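*Asks:* Chain order of the listed sequences is A and B. Residue 23 is where the first sequence starts when you use my numbering, and the numbers rise one by one after that. Residue 2 is where the second sequence starts when you use my numbering, and the numbers rise one by one after that.
Just so you know, the hints here were simulated from the structure itself, not pulled from any lab data. Predicted model, so just to flag it, every value in this text is computed and none were measured. Heads up, a few of these hints could be off.
Straight line, CA to CA, 30 Å or less: simulated BS3-like cross-link-like pairs of lysine-lysine [as the list claims (entries may be wrong)]:
1) LYS281/A <-> LYS350/B
2) LYS281/A <-> LYS236/A
3) LYS74/A <-> LYS236/A
4) LYS236/A <-> LYS85/A
5) LYS25/B <-> LYS253/A
6) LYS236/A <-> LYS253/A
Chain A is faced by these chain B residues, among others (derived, beta-carbon under 7 Å) [unchecked claim]:
7) LEU23
8) GLY56
9) LEU252
10) GLY253
Positions of the beta carbon are idealized from the N, C-alpha and C atoms, including for glycine.
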Amino acid sequence: MLEARNVTVKYGSRLAVSDVSLRLTPGELTAVVGPNGAGKSTMVRTLNGGLKATAGEIILADKSLHRYSRSQIARRIAVVAQEADLRFPVTVLEFVLGGRFAWAGKGAWGWETAGDLECAQRVLRDTDLENMSKRLLSELSGGERQRAVLARALATEAGNLLLDEPTANLDLAHQAAILALVRSRCDRDRAAALVVTHDMNLASEFADHILLMKDGATLAYGGPAEVLTPKLLGQAFAIEVLVDAHPISGVPRITPVHKALGGL
Amino acid sequence: MMTVAIEEPQSQITFQGARMTLRKTLVVCSLLLLGLLVLIVLMSLLGSETLPVGGSICAIGTLGRGDCGLTSDQSLILLNIRLPRILLGASVGASLAAAGASYQALLRNPLAEPYLLGISNGAAVGTMLALVFLGSFEWARPLMAFSGALLATLLVYRLAHGRTGATPERLILAGVIVTTFLSSVIVFVTTLMDATRIRSFTFWLLGDLSGTTNELLVIAIVVAVLCTSVLAANARSLNLLMLGERDAFDLGVEVSRVRLIVFVAASLLVGSSVAASGSVGYVGLVVPHLVRLSLGGDNRMTVPAAAISGAVFVVVADTIARTVIAPRELPVGAITAIIGAPLFIYLLKRG
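Isolated chain A (complex conformation) (with noise of 0.2 Å):
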């Protein structure tokens, strides 16, 4: 269980973050949506200890974040944030093997156990790169690489997600692939997962929960039906959009009505 109690977060003297709380329960999606620069990123961040709280606090299995070492945090929340670096050669098996780190015994010298073997082998059966361990990350297409770094973060066995916009730069089916994944991870394994996106479809597809972010603060904290008001996102984006049941599952869906079309 992962927890923001009255969090605000400052840069200097802006303002990034301001009082949101939230809680990510066990077997639970959380998606956190908002304009750009509603604070969204910095949140993730926060949670993970990479960024100081100004105020407030987190809360990881009952216990302030700051009283756990690095290595005890990364085996228990997992961050899929950006793609990583393509300078120097690596192998998707040695990319992925990255998230066995924090278990290594004190010498970090380690070398992989056989145990982290396994785990490597389990994510990369999961994310459909069995075949590929052996390629270089650099020559593996969009999609391949971000389930490779989904792999990496999966590798850590930690039982909290945080995931900051997974499916940008992916196309339609890997989009959902991704977050089918990580919805699979909740209800299979009882993680606790909190994914930032811009598709508010995809939100409410795939979410329990969902925080609306605007100018650092909650605009709405709840389930999809909600926060995914016309009302609460016209005043998020400062846009008209409509939402009616999606046709087969029958979750809100969302449809910005754009003003240079005629509107309705």
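Chain A is already provided as a structure; the job is to place chain B on it using the hints.
*Replies:* Only chain B this time, still in chain A's reference frame:
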């Protein structure tokens, strides 16, 4: 816990060829080390004075204590001139290659290299100040060289990190600025020296293995072995840092601690090398690049393998330097630069 222990029949997962292993690292490094030892003996036979092969090998094996049939002049040339010079070349090459490989991983830049970043120049300024102001104190040279290297490292690192982080281009530009600034400091300090020393000093500055002392040789060897081991011990952290500082932090690397260890260990390596032999350039660029090309990107292999290969590279380069226009000699730095500069341009063009 998310995983359930299941009795799996195939517990032997090998992933043949997809990753570096401890066994392969040990085999490769042992072979390289053996090659280096053979090379050291062979190269000690080459030079303007021809030495008997059997007698020389015997003399090296017994460290001059046995009777190997060498004349006292031959014994002096072999044991007091050539062998120390070759050993110095080996430790300088190992130091610069290990430092280069580590800087590259830490700074995520295949072009990062002690000489090109101005770190060697920082060490050179330190050495010069020690020579001019603390000439009688033998330990002052390596200590001042280390301080100069560390200060230059921190300066380049600060300059390279803008608000948007350090881009490769920014790092190289910062290196150029620090290098040219320190070069002008070197010119300034040179004017404080008397005219007779300037020539030998200029030679040293270009990278020269001939004018060292036993103390500096011992320091260079000890520092090379110890600091390369320290860097190799942090190689798994470097593997993650190489792919991004934030990701490494997220995966549990104590980023600032590892950065400090690498900066200090690499500065010690560069400092002790420069104090003994001046600025030998491009070793830290050429050698790690070739090692990665043939053995992959795992720093647990790259750091030790580059160190031993760097020793081979400089020993060979110095043998060329002292034989190609014999009886006159070239500074070894001239040979390494002739090989290194084209590779630098190639790497730059490739992006």
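*Asks:* Of the numbered hints stated earlier in the document, which are not met by this structure?
*Replies:* 1, 5 and 8
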